Amino acid sequence: MSPHSPGTDQIDTLLWIGFVVATIVIVAVNVALFAALRRHRGGDAPREMVGGRGKQLRVGGALTVFAAAILVLSLIYTDKARETPANGAAGLASAKSEPLTITTTGQQWLWRYDYPNQAFSYYKLVVPVDTTVELNLVSTDVIHTWDVPQLAAQADAVPGKTNHVVFRADEEGDFRGQSSTFSGQAYAAMRTEVEVVSPQEYEAFVNRQKADIQAAQDRVVGLIENGEVP
Amino acid sequence: MSARPEVVVDGFPARRPRWIEVATSADHKDVGRVMIGASLGFLFIAVVELLLMRLQLAVPENTLLTPVLFDRVLSLYGATAIFLFAIPLALGLFYYLAPLQIGARGTALPRLGQIGLWLYLLGAAVLYSGFLWTPTEAGVNPLAPLSELAFLPNNGVDAWCAACGLATLGFVLIAINLIATLRRMRAPGMAWRRLPVFAWSAAIGSWLLLAIGSVMLAAIVMLLIDRNFDGVFFADGSGGAPLLWAHFSWIFFTGAYMLILIAALGAAAEIVAVFARRPLVGRGTVVGSLAAIAVIGTLAWMQNMLTAPIGIGWMYFAMIMSLALIVPFGLILYNLIATLAGGAVRMRAPLLFAAGAISMISIGLASEISHSMVAVAWRLHNTVDSTAATHFALVGGAVFGGFAALHYWFPKMTGRTMGETLARMSFWTMVLGTLLSFAPLFIAGTDHGQVADAYKFFDGTGVGAENLVSTIGAFVLALGIVLTLVNAIASRNGGARAGHDHWGGDSLEWFTLSPPEPHNFDVPPDVRSDRPMRDIRLAIAHRSARAEEAREAQPVA
Chain L
0 MSPHSPGTDQ IDTLLWIGFV VATIVIVAVN VALFAALRRH RGGDAPREMV
50 GGRGKQLRVG GALTVFAAAI LVLSLIYTDK ARETPANGAA GLASAKSEPL
100 TITTTGQQWL WRYDYPNQAF SYYKLVVPVD TTVELNLVST DVIHTWDVPQ
150 LAAQADAVPG KTNHVVFRAD EEGDFRGQSS TFSGQAYAAM RTEVEVVSPQ
200 EYEAFVNRQK ADIQAAQDRV VGLIENGEVP
Chain B
0 MSARPEVVVD GFPARRPRWI EVATSADHKD VGRVMIGASL GFLFIAVVEL
50 LLMRLQLAVP ENTLLTPVLF DRVLSLYGAT AIFLFAIPLA LGLFYYLAPL
100 QIGARGTALP RLGQIGLWLY LLGAAVLYSG FLWTPTEAGV NPLAPLSELA
150 FLPNNGVDAW CAACGLATLG FVLIAINLIA TLRRMRAPGM AWRRLPVFAW
200 SAAIGSWLLL AIGSVMLAAI VMLLIDRNFD GVFFADGSGG APLLWAHFSW
250 IFFTGAYMLI LIAALGAAAE IVAVFARRPL VGRGTVVGSL AAIAVIGTLA
300 WMQNMLTAPI GIGWMYFAMI MSLALIVPFG LILYNLIATL AGGAVRMRAP
350 LLFAAGAISM ISIGLASEIS HSMVAVAWRL HNTVDSTAAT HFALVGGAVF
400 GGFAALHYWF PKMTGRTMGE TLARMSFWTM VLGTLLSFAP LFIAGTDHGQ
450 VADAYKFFDG TGVGAENLVS TIGAFVLALG IVLTLVNAIA SRNGGARAGH
500 DHWGGDSLEW FTLSPPEPHN FDVPPDVRSD RPMRDIRLAI AHRSARAEEA
550 REAQPVA
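Residue numbers (numbering that gives the first Met the number 0), protein chains in the order written: chain L, 0 to 229; chain B, 0 to 556.
No wet-lab data here; the hints were simulated from the structure.
In this text the structure is predicted, and so the values were computed from the model without any measurement.
All C-beta atoms in this analysis are idealised placements derived from N, C-alpha and C, irrespective of residue type, glycine included.
One should not assume that every hint holds.
One-sided excerpt, in silico: chain L residues whose CB lies under 8 Å from chain B [stated by the list, open to error]:
1. Leu13
2. Phe18
3. Val20
4. Leu32
5. Gln55
6. Ala66
7. Ser73
8. Pro148
9. Gln153
10. Val157
11. Gly159
12. Lys160
13. Thr180
14. Phe181
15. Glu200
Only chain L is shown next, with the shape it has when bound in the complex (with noise of 0.2 Å):
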């Protein structure tokens, strides 16, 4: 999955770093292992003690040593990835415009986008391209986790909280996501799309859902007028 936001490319380098690192400790970790238990198989009498506090402190050391370095590593390029547009207040700050900001209602099994216009949609959300775009995440029922990975970082909606999720799409294009948090029957089902479009098809987008809904609203109140509906 090819990164298409800022703040995911620094999600993806860290990614890198970590698969490396887990190899290296895994690889180590097995061939020492294997190792031991091939030379020594039933061979020769054991050894006694071995090495003291000093060789134990030696070995605490250097995992100590290469616990910091990741740690450094992963402060590094979180703070990064908060920083250019990707996740929470940080990014927000750095963004060089005012970001375009859409509150986004997780609800089972759906995702509700609420274009400033006062135009909605659901399932999908079309946003412009090269733009700040931040989603305020809300929930009105239980948590749910919207998970976008080529453009931002995963955020969880929370009832009763808000939580932030910015970023700003390089590339026209389709990108899709699913809720990642267990939240009942259809919760698989639960996924989303965000497409990504020039600012003028954007503005046209937001202007027809705002009369798609407001003809809709019109004809149902001219039913109900009409008495055609209780």
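Use these hints to put chain B onto chain L, whose structure you have.
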């Protein structure tokens, strides 16, 4: 002339059938055996549930199980694997062995252990009698507010609360007894510094369980109040907070994860030393590391909440705690391997499984390093990558580590040995099965973002091959596990007879008969070093050599 009185029986004959004697016994060995046996039974059930889920996920958009049925199997699998298998297996081993290892003739509060066992079995009965009405469908960790009455109005979650609450209460009571026993009933000379590593695991694990079990009990009671008495602990609004449940439950689940690894690594440390025929390298370091894991590991609970709105400072706190775990885990693995490297290795079934545990745990923990990095967790949280990492660590700990302990202490518990050939077949099948079933999920989670706990995945998401391989692997793993369970059942009465000190161990459980008598020791042993059984062996050899000398010195006629 009257006959001299003679002792013609050793011990009182059982007054009632054997099973009633065991069921009503407060002896730590009877309680421990029932607990170990029951937990292995629940391992089998958990494996069946895992296979059901893997069958559903074998092909995209499968309709074998309905969504609700899948959720129920998933929830039961989580509760069974953690509350009914992994924790009670560790605790049962602690409870059987720790008193023997410290040279005690029993436990300090035997009735507490007995009621603990029955609370656990009662909890299990409640969870599975849930089939009579509606089983829980709230997931492995029933996160509020999904687990609240408004979203799951049937009584499944109540049954989950009752079942896991009863079992957890039982675990806490047993832990209290173990703490009291280890503190007060050590044999003369058995100073803390001379405690065998597995007895240290028992002490550390019990303290840990006392802490996290209490937290979970409080959380479960709060959830029950929410559901049945209009409480608002975890409901949004009215002062409640959904994240409160997340904090409480993750403290427990993270602590339980650490408990399982502490038990497995403690058992592996004993086995590695005995089968390398040398003392454990860095004994003090290993014990200190086990204690550090209990504290630091549990403090890393927010590693599970890195996508929640909790503030970046807390995320960094969780990351520092989980990365700090590299040091104690690394030190333990280093010392276990160093012990093997300088030893004269006997490659028998217990060592094979212990080495398997070390290997699988290393894969799981190395993958957890990535999950500790905050930004990576933002990508991999709740994907099947985290499922794979958790399963490598916990299958490595609870199943491989548990089986290592089972093979090692089976001769002590039953007086028989488990079949070596079947053990080897089981081991290699399990290794293949574990790698096949969980390694592909790393790819599916990292590359394609497949989410965990979902009842289906969609066609065209690129994870078809990975899931099919994983399903096949799950069946291989299940076969391997069943082979060892069959081996244990068949060997209970049919295995080769074992001596009292079958492996040449250094700790005091090998000083008792196999199986031990109810009072454990005729004479409380006098402990002079951290290898008391070796001292006893040397003393006996010394004495028989002297007796031999004396006999040779007798005149022939």
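Comparing the hints with the structure gives:
Checking Leu13(L) against chain B by beta carbon gives a least distance of about 5 Å; that is within 8 Å, so the hint holds. Of the supplied interface hints, the one on Phe18(L) holds, with its beta-carbon coming within about 7 Å of a beta-carbon of chain B, less than 8 Å. Hint on Val20(L) holds. Least Cβ distance to chain B is approximately 6 Å, under the 8 Å limit. With a least beta-carbon distance of about 5 Å to chain B, the hint placing Leu32(L) at the interface is held under the 8 Å criterion.
Contact between Gln55(L) and chain B, as hinted, is supported at the beta carbon level, the nearest pair being about 5 Å apart and thus within 8 Å. Against a cut-off of 8 Å between C-beta atoms, the interface hint on Ala66(L) holds, since the closest Cβ of chain B lies about 4 Å away. Of the supplied interface hints, the one on Ser73(L) holds, with its beta-carbon coming within about 4 Å of a beta-carbon of chain B, less than 8 Å. At a threshold of 8 Å, the smallest CB-CB gap from Pro148(L) to chain B is about 5 Å, leaving the interface hint in force.
For Gln153(L), the suggested interface contact is upheld, since its CB lies about 5 Å from the closest CB of chain B, less than 8 Å. With a least beta-carbon distance of about 6 Å to chain B, the hint placing Val157(L) at the interface is held under the 8 Å criterion. Because the beta carbon of Gly159(L) sits about 4 Å from the nearest beta carbon in chain B, less than 8 Å, this interface hint is met. Hint on Lys160(L) holds. Least Cβ distance to chain B is approximately 5 Å, under the 8 Å limit.
Evaluation of the Thr180(L) hint against chain B yields a held restraint, the C-beta minimum of about 6 Å falling below 8 Å. Residue-level restraint check for Phe181(L) holds (minimum Cβ-Cβ distance to chain B is 4 Å; threshold 8 Å). Hint on Glu200(L) is violated. Least Cβ distance to chain B is approximately 25 Å, over the 8 Å limit.
Violated hint: 15 only; the structure is consistent with all others.
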